[in-house]
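*Asks:* One letter stands for each residue in the lines below.
2 protein chains.
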Amino acid sequence: MFTPQPIGFVISPFKDTGSIPKGLGAKHEEEGVLEILPEFAPGLTDIEGYSHLIVLWAFDRSDGFDLMVSPPTDNRPHGLFSTRSPRRPNPIGLTVVELLRREGGSLHVRGVDMLDKTPILDIKPYLSSIPADKLRRGWLAEAEARKA
Amino acid sequence: MFTPQPIGFVISPFKDTGSIPKGLGAKHEEEGVLEILPEFAPGLTDIEGYSHLIVLWAFDRSDGFDLMVSPPTDNRPHGLFSTRSPRRPNPIGLTVVELLRREGGSLHVRGVDMLDKTPILDIKPYLSSIPADKLRRGWLAEAEARKA
Numbered sequence: 211m212f213t214p215q216p217i218g219f220v221i222s223p224f225k226d227t228g229s230i231p232k233g234l235g236a237k238h239e240e241e242g243v244l245e246i247l248p249e250f251a252p253g254l255t256d257i258e259g260y261s262h263l264i265v266l267w268a269f270d271r272s273d274g275f276d277l278m279v280s281p282p283t284d285n286r287p288h289g290l291f292s293t294r295s296p297r298r299p300n301p302i303g304l305t306v307v308e309l310l311r312r313e314g315g316s317l318h319v320r321g322v323d324m325l326d327k328t329p330i331l332d333i334k335p336y337l338s339s340i341p342a343d344k345l346r347r348g349w350l351a352e353a354e355a356r357k358a
Numbered sequence: 211m212f213t214p215q216p217i218g219f220v221i222s223p224f225k226d227t228g229s230i231p232k233g234l235g236a237k238h239e240e241e242g243v244l245e246i247l248p249e250f251a252p253g254l255t256d257i258e259g260y261s262h263l264i265v266l267w268a269f270d271r272s273d274g275f276d277l278m279v280s281p282p283t284d285n286r287p288h289g290l291f292s293t294r295s296p297r298r299p300n301p302i303g304l305t306v307v308e309l310l311r312r313e314g315g316s317l318h319v320r321g322v323d324m325l326d327k328t329p330i331l332d333i334k335p336y337l338s339s340i341p342a343d344k345l346r347r348g349w350l351a352e353a354e355a356r357k358a
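So the sequences go chain by chain: A and B. Numbering-wise (my numbering), the first sequence opens with residue 211 and increments by one. Numbering-wise (my numbering), the second sequence opens with residue 211 and increments by one.
Check each hint, because a few of them may be wrong.
Identical copies carry no separate label here, and so any pair may be met within one copy or between two of them.
Stated by the list, open to error - Below are the EDC-like pairs computed for lysine to aspartate or glutamate, each with C-alpha atoms no more than 16 Å apart in a straight line:
1) Lys232 with Glu258
2) Lys344 with Glu308
3) Lys237 with Asp273
4) Lys327 with Glu239
5) Lys237 with Asp276
6) Lys357 with Asp284
7) Lys344 with Glu258
8) Lys237 with Asp343
9) Lys327 with Asp343
10) Lys357 with Glu240
11) Lys232 with Glu249
12) Lys344 with Asp226
13) Lys344 with Glu354
14) Lys225 with Glu258
15) Lys357 with Glu241
16) Lys225 with Glu308
17) Lys237 with Glu308
18) Lys357 with Asp270
The hints are simulated quantities; they were obtained by calculation from the structure and are not laboratory data.
Based on the sequences and whatever the hints tell you, model everything.
*Replies:* Shown next, in the form of structure tokens:
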């Protein structure tokens, strides 16, 4: 396959996992910066035209995985791939952020949920959405309904 | 960081990159199967509740990268991270698919745009969308307008 390498690092207000909002109704409105390394910064050309970006990053402070997990959103266990658990066979995180502005190799964004200094693997434009009436949210919707 | 490992492989009708629809207005309606390896299949528990999944996979037949690229959708070059080019520092692909049904470790899905036998790195639930009126699509929208 390939050897993962950081293209940059996240500057985030979250210094430990306990400070990241989790569970039902968790909002990710915090602002942060995606600091892209100088050698990759020319690849950001034209990115200002997008309102939202997909950030792929490494869960670099996570270790191992279980195939059944009990997420903070529910007291019932679910299959790992039905959750966003950080402990995965390939520990790759995904966050959709709103791009506020770019300053050279620094992307100021809203919606970070990564720890400070998280290595960034890739940035892709967010191009299309599933219409709300076509989207089913599985056990998460059920867990929300049970707590409502 | 981590060493990427396949959790399964894509069964796709696309045997070579030339057969994958590309460019403006390209539709990805093809059906395929995400074959998850038996040792990871228990992690699919409860996944049937989701209508759409995010699939992360490896561009295993791509090599190297350029920071400025000329995508098939436009005749002007753009920064790599403003495009979905397969040639990236970390060659990770992302596809949102519609889950049609599950048979054990086999997920039958619509919307594949990967080559046959592509290694799958991760599957995550697709949980929320950016409302259409909040989404800006950058140079791609401009390129579409120019060709319209």
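*Asks:* Which earlier hints can't be squared with this structure?
*Replies:* Result: hints 1, 3, 4, 5, 8, 9, 10, 11, 12, 13, 14, 15, 16, 18 break, sorted rising.
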